[in-house]
Amino acid sequence: MNHNYQKDISGCGLTGLISRKRRRISGSEIVKSLCLMTDRGNGLGAGYAAYGIYPEFKDFYAFHIMYDEPSVKRSVEEYLKANYHIEKIEEIPTRAVKAIPISPMLVRYFVSPLKEKLSGDQQETDFVVNTVMKVNSEIDGAYIFSSGKNMGAFKGVGNPSEIAEFFRIDEYEGYIWTAHTRFPTNTPGWWGGAHPFTLLDWSIVHNGEISSYGINKRYLEMYGYKLTLLTDTEVAAYLLDLLIRRHGLSIPVACLALASPFWKNIDQRDAGEKEVLTALRQTYGSALLNGPFSILFGHSNGLVGINDRIKLRPLVAAVKDDVTYMASEESAIRAICPQPEKVWAPRAGEPVIVNLED
Amino acid sequence: MFKSLAPPEYLATIDREKCIRCKRCIQNCGWGVYSWGGDKILIDTFKCVKCLRCYHYCPEEAIEIKDNPTKFKQNAYWSFNNIRNIKKQAETGGIPLTGMGSDMPYPILFDNLLIDACQVTNPSIDPVREPMELRTYLGKKPSNIKVEKTKDGKLKLSEPMPPQIKLDLPIIFSPMSYGSISLNAQKVLATAAKASGIVMNTGEGGLHEDLFPYKGNIIVQVASGRFGVNPEYLNAGVAVEIKIGQGAKPGIGGHLPGEKIPLEVARTRMIPVGTDAISPAPQHDIYSIEDLRQLIYAIKETTNYKPVSVKIAAVHNVAAIASGVVRAGADIVYIDGFRGGTGAAPSIIRDHLGIPIEHALAAVDDRLRQEGIRNEASIIAAGGIRSSADVAKAIALGADAVGIGTAALITMGCTTCGKCYTGNCSWGITTQRPELTARLDPEVYAERLTNLIRAWSHELKEILGALGINSIESLRGNRERLRGVGLDSFTLDILGVKPAGR
Chain A
10 MNHNYQKDIS GCGLTGLISR KRRRISGSEI VKSLCLMTDR GNGLGAGYAA YGIYPEFKDF
70 YAFHIMYDEP SVKRSVEEYL KANYHIEKIE EIPTRAVKAI PISPMLVRYF VSPLKEKLSG
130 DQQETDFVVN TVMKVNSEID GAYIFSSGKN MGAFKGVGNP SEIAEFFRID EYEGYIWTAH
190 TRFPTNTPGW WGGAHPFTLL DWSIVHNGEI SSYGINKRYL EMYGYKLTLL TDTEVAAYLL
250 DLLIRRHGLS IPVACLALAS PFWKNIDQRD AGEKEVLTAL RQTYGSALLN GPFSILFGHS
310 NGLVGINDRI KLRPLVAAVK DDVTYMASEE SAIRAICPQP EKVWAPRAGE PVIVNLED
Chain B
17 MFKSLAPPEY LATIDREKCI RCKRCIQNCG WGVYSWGGDK ILIDTFKCVK CLRCYHYCPE
77 EAIEIKDNPT KFKQNAYWSF NNIRNIKKQA ETGGIPLTGM GSDMPYPILF DNLLIDACQV
137 TNPSIDPVRE PMELRTYLGK KPSNIKVEKT KDGKLKLSEP MPPQIKLDLP IIFSPMSYGS
197 ISLNAQKVLA TAAKASGIVM NTGEGGLHED LFPYKGNIIV QVASGRFGVN PEYLNAGVAV
257 EIKIGQGAKP GIGGHLPGEK IPLEVARTRM IPVGTDAISP APQHDIYSIE DLRQLIYAIK
317 ETTNYKPVSV KIAAVHNVAA IASGVVRAGA DIVYIDGFRG GTGAAPSIIR DHLGIPIEHA
377 LAAVDDRLRQ EGIRNEASII AAGGIRSSAD VAKAIALGAD AVGIGTAALI TMGCTTCGKC
437 YTGNCSWGIT TQRPELTARL DPEVYAERLT NLIRAWSHEL KEILGALGIN SIESLRGNRE
497 RLRGVGLDSF TLDILGVKPA GR
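Heads up: the sequence lines are chains A and B, in that order. Residue 248 in our numbering sits at position 239 of the first sequence; the count goes up by one each step and never skips. Residue 188 in our numbering sits at position 172 of the second sequence; the count goes up by one each step and never skips.
With the rest of the complex left out, here is chain B (with noise of 0.2 Å):
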């Protein structure tokens, strides 16, 4: 049989003193690395992405995930993925995929960011002893408002408000589909959400009914596959996104492979089963922004006029193009940075397009601002926030929330693999084989889940505290709080922040 050229990048190895050949290794192993050999386990090293189910569940810590030690000659500029990538594919003429945001080792605009705090001159403020506010509300507000007095003396609001999506904190989960992750998977996103009182997103892949339950918590997706939408579908959620683009594959549509296509994936998505499910690249009824215009108000008429939500990659003149989307009536610009997730995108196009979110966020608020019209619309940032000191950031760039899926996804045992793309998800998250997706239990991964996000509250809640201020809104876009460090003075400009010593 031909062998590849392109080298296994791990090495699984089983201490064979230890092992009692239990089995458990092959059965949690989603990618066939294990079979039994008659006296022993066999390893097929090739098939191995180090996602460490296997490693977690043997029960006499005998397995070991190795990087391989055995690499291309070093190569300061060719690296080792560059040339185990050109042996793929000189071997099959195809397009390497991969899941997951970027790893490549671009610059991290977060992590030369720093945060301010109270000394002397402001007192900090202790968030155990007082209240700290973190609630969010999400849509168009208008400039001003007019209030009236009644007869018995009371305050009362002329006009109402335009409709508003009330999260307890300013974060989101972000879209991922049923198809793409599994539909237990989907569950954990949606009784987090609901317990933690913030929203999920379902993606392009329906509404499964199961997830009806939980509709005051859920923005349901439309993008250009259609996939699932109906008026019904419509009106489900607090609000409707239409997806224009996803950070990790700007101006790329999607694929999920018939595999991951089983009956009830194909009745959520109205789709027959085992066929592939084709996003195309643009929304065929979109090739403009006045096409987006008529689209946005076609969503409002049918849901009365709930917020309709418009996703876009960060891509280079993303300022312009979110200015456009606001004054195209979004009452929500959902930005998705370059180091966004993904569940399959080509690495080429992952790896090298877009830009980064902390670039792009600042930019974009910047110019609603120029213009006049950052109230129009709430702005959600996503596309790599990794803790709360990065959700922080982001709000004081200029954000009203962010929106997490790797994050999320990390508390139901995901380890990054990035092998989404494959369906063999051995943590049940990122597939559809029964006997895979049954690991996941929602209930006990969706308390995980509602730990993280009490977890990164009490932590915002210490960071508002540290810098003096009691309420949420008083971050949003408070660059004042923010130092660059070893940053240059173009980034500062564009990030709006001062240089640490300033």
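Just chain A, with the same shape it has in the complex (with noise of 0.2 Å):
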């Protein structure tokens, strides 16, 4: 186990939306709702999440991909071809930006695990979490950034309307979105490090420092997981892959773990719920995110948010018709919906669930 690794800080500003009756609504509103928040950003990392993209693909996991030289590009493909059938391989559309002269090179490729690679009883979900572990740990200078079905992510060094420029966000069109502008207080720019942070439909976003970020990392990493980041947002992503995926509980059990009510409200509960959230905290004590942060996460059924214990970062919901709006400040909402039906400020650990409807 590594310890000697360099922990990623940052604060950052968020925004989300999501329509519950799947309705597509164009990145240039996710745009317009982080731009506002100037502030809460400093230039050196953007990025956008979107589900409902690709629905020509939606069977296939579409992995974006990061590399920085053409050679080590071969060597993820020949990778790819061995084990997946791949349906398509493209560069993900860019326009040129002043501001972004450089960048890596950044493809996409819609593929499938090819069926004799699938060992015994193994889930195809977890192949491809083994694939995204292994070439985001053991393949220097390839990262893959996406890698879930009709959903990706799109992140750089950059503030966000150079990144939305760069990556064309006005161009998609998606049922849930989130967005999240950055300010790392001590890391370099690389365009992996940008969130959102993403694992098969997980999407992830968060404003925060997470304090058991050690113990949360050697948590994970006895379940096999590899933290190749270091940031926060990774650890985040993880554990919700691990509770709700692997260990099967509910979204709303999860984030219970997550953000652990105390224990002088659990000893109040009847004796049945208290039971489990005792439970839940005895078992998933390491898993327990301590310290500020506000998270919005989304996946393939629809887009959560949720604070720490005692609310140290914000975060505001609001309401308008089909559409749930979550984000660090009341005025990026009011950006996009200038009269929501409701608004609130939800409670320390108490998520915001939102579900697509079938």
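Careful, some of the hints might be misleading.
[What the hints assert, rightly or not] Simulated crosslink set (BS3-like; lysine-lysine; CA at most 27 Å straight-line): (1) LYS162(B) with LYS283(A); (2) LYS39(B) with LYS283(A); (3) LYS56(B) with LYS39(B); (4) LYS56(B) with LYS156(B); (5) LYS235(A) with LYS82(A); (6) LYS210(B) with LYS273(A); (7) LYS41(A) with LYS158(A); (8) LYS170(B) with LYS273(A); (9) LYS167(B) with LYS283(A); (10) LYS273(A) with LYS231(B); (11) LYS172(B) with LYS273(A); (12) LYS165(B) with LYS273(A); (13) LYS182(B) with LYS273(A); (14) LYS90(A) with LYS124(A).
Read the hints as simulated data drawn from the structure, not as lab findings.
Reconstruct the complex from the two isolated chains, following the hints.
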């Protein structure tokens, strides 16, 4: 276990929206919302995640990969060809932006694992996660920054408007969007270090510093996760993957583990609930996310917003028609939804869970 | 008469001008240093152990205990103790005994570790205004749980959790048997454990009936002598501990001399009065790990599956041993570092065998994680915990809780003089002499020990608040919040800690 790492620290702004009726909304909306919060970023990282953007390839895992140089691309593609059926390879469309003179090579692949490569009763999703872990931790200069179905992440070093312009975010339409602007305090810009952070269908944008990072990381390592990014966000994403996908907890229950109620509140519940909440804390104490954070996480069926247990970072939510908005600041919501039906500040540790309608 | 050539360590002196001849020093000294000479107090300074009982009870402050200024010629290689022990052994042919943990100047890793604090990027938390949680549960945890929803929409646990021991803060009192310490000292531990919401451990001496009211705060111990063990005893506490080893004397057994076995001790241990109580070096039904498994499950069967703790000394291969212990079915692994205390041990063993708790704890926590079984057992780290800072550092290295023994005895008057094995403790702690044990008032000292635990819990909360976390489980194993100062890269690697500045 490598302990000699330098952890990434950053402050941030975030915003997200979801249409419960799966109405596909243009990326220009979320860009407008994010770009309002200029004080929350310092131009060293921004990114977007969208669901419902690849309807024609919805049955394939969409790998977004960044490469430092062509030779790395060749070795990754060799590996992918040996293990996956590749439906399509294309460069991720970009525009020339003056403020972004250099960027990594950005390629996307629509793939599905070859059946014969799955060992025994291995799930397809486990196989994909292993690929992501392997490429990101073992192949220098290659980084898979998106690996879900019918969704994708777009991120890099730059301010929110530049990154949106570069990735042509306005040309995508999705029913869930999350976005993030970054204020790193100690890391040089690296494209992979920007948010959203994704794994399979999970995407996370996060504002905060997780003070429990050290134990969260070691806990995840016990379950085979390789933490290559050294960001708090990565920890949150893998914890969600572990608790929800691998351990089968429902999203509300997983939220109770990650931002658990205080003992004084647990002790007052009725016997059955007290037993559940106590068992959750006993079992998942090392998964508790402690320290200031607000997080939005998107998944194939919805969007969740959650704060730390004493709300040390802002999170505001609003509803208008079939759309729920969540952002670091109310102004970011009002920039694209001037008259919401309802606006509220979610309480500490109480998640806002919005699911897509079938 | 033959006069020993091993010089006295201390010089007990009385200011004759100040002395009012009240004879309290004679009364208070358990060692017989003072006697009445008809017109003045006589002093046999060879017997003095510098426990300071006489000093505290002299109403005129006439007593001074000095380190003997007459030393052997200064020698950087042959220390005072080296020469003195050789002389003593030459005179007696015996093994010099000692009590307490080793006082040798080996490096102290705790003192080379510093704790992090928040500035700007993450806010610190004020424990006076915000909740700050220290509650800890000891016992096996499943890797995951299943939660169902009932018809009325409430959450329900699908399978019950394994039994857990609830602690209000991550500290327990280390095993110290009735016999090695007095019943009053055990009552202090039990009362304070109950008041503080933690547990004490009987050690290998059985459970005296006076402690029955504290059953909810007691772990009973089974060791190689099996003293006091019967089904009722095994079921008396919240858990059972199998003692394999002790940090102060790894690999060797115990010997409670017959002088420390009066009727009550004999009854509790279920042995004849005045006989030596010998705990063999190994448990003679445990010669291998599979034998340990049998005993663990025999105890579980007897107790309807209460948690079983296994106490081992920190030795070179402690990580592999602990892994085996966990796989053998232990719910708790208690690791005792070489600084750990003892009522009696050969000083050659205490001072030269075993490894520090810091290394051992880090290695065990790492190994259990590498093997994916860290959740299978809780880790208690013990052996030289001196302050709440040591507690916090041990927890950050990976302990679920720590054990304190010496620190608890210090609240009862102990000055770590190290002569516990003589049975003459003037403070009434490590003695069975009724005139000495009577001076340890359980109520008075239980309050002091409870105060200590409360003070440490406040300090722990301050540390957590500075770290910007509000729950102890976010510190547990969080080595990212520790930094080493002046440690070599190998040691840092073993501890899994970065150097300060990184």
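For each hint, the structure was consulted:
Of the supplied pair hints, the one linking LYS162(B) and LYS283(A) holds, its CA atoms being roughly 15 Å apart against a limit of 27 Å. Between LYS39(B) and LYS283(A), the direct Cα distance comes to roughly 61 Å. Violation of the 27 Å bound is thereby established for this hinted pair. At roughly 9 Å between alpha-carbon atoms, LYS56(B) and LYS39(B) fall within 27 Å of each other, so this suggested pair holds. Note on LYS56(B) and LYS156(B): the hinted pairing is violated, with a Cα-Cα distance of about 63 Å set against a maximum of 27 Å.
With a CA separation close to 21 Å, the supplied pair LYS235(A) and LYS82(A) stays within the 27 Å bound. This hinted pair checks out: LYS210(B) and LYS273(A) have alpha carbons roughly 20 Å apart, not beyond 27 Å. For the given pair, LYS41(A) sits about 26 Å from LYS158(A) by alpha-carbon distance, which is consistent with the 27 Å threshold. Distance check on the hinted pair: LYS170(B) and LYS273(A) sit about 19 Å apart at the alpha-carbon level, within 27 Å; holds.
The suggested pairing of LYS167(B) with LYS283(A) holds, with an alpha-carbon distance near 17 Å, which does not exceed 27 Å. The suggested pairing of LYS273(A) with LYS231(B) holds, with an alpha-carbon distance near 25 Å, which does not exceed 27 Å. Among the hinted pairs, LYS172(B) with LYS273(A) is consistent with the structure: their alpha-carbon atoms are about 19 Å apart, no more than 27 Å. Under the criterion of a C-alpha separation no larger than 27 Å, the hint pairing LYS165(B) with LYS273(A) is consistent with the structure, at around 23 Å.
Between LYS182(B) and LYS273(A) the CA atoms are separated by roughly 14 Å; this keeps the pair inside 27 Å, and the hint holds. Pair hint LYS90(A) plus LYS124(A) holds up; C-alpha atoms about 13 Å apart against a cutoff of 27 Å.
Violation of the numbered hints given earlier is confined to hints 2 and 4; the remaining hints are satisfied by the structure.
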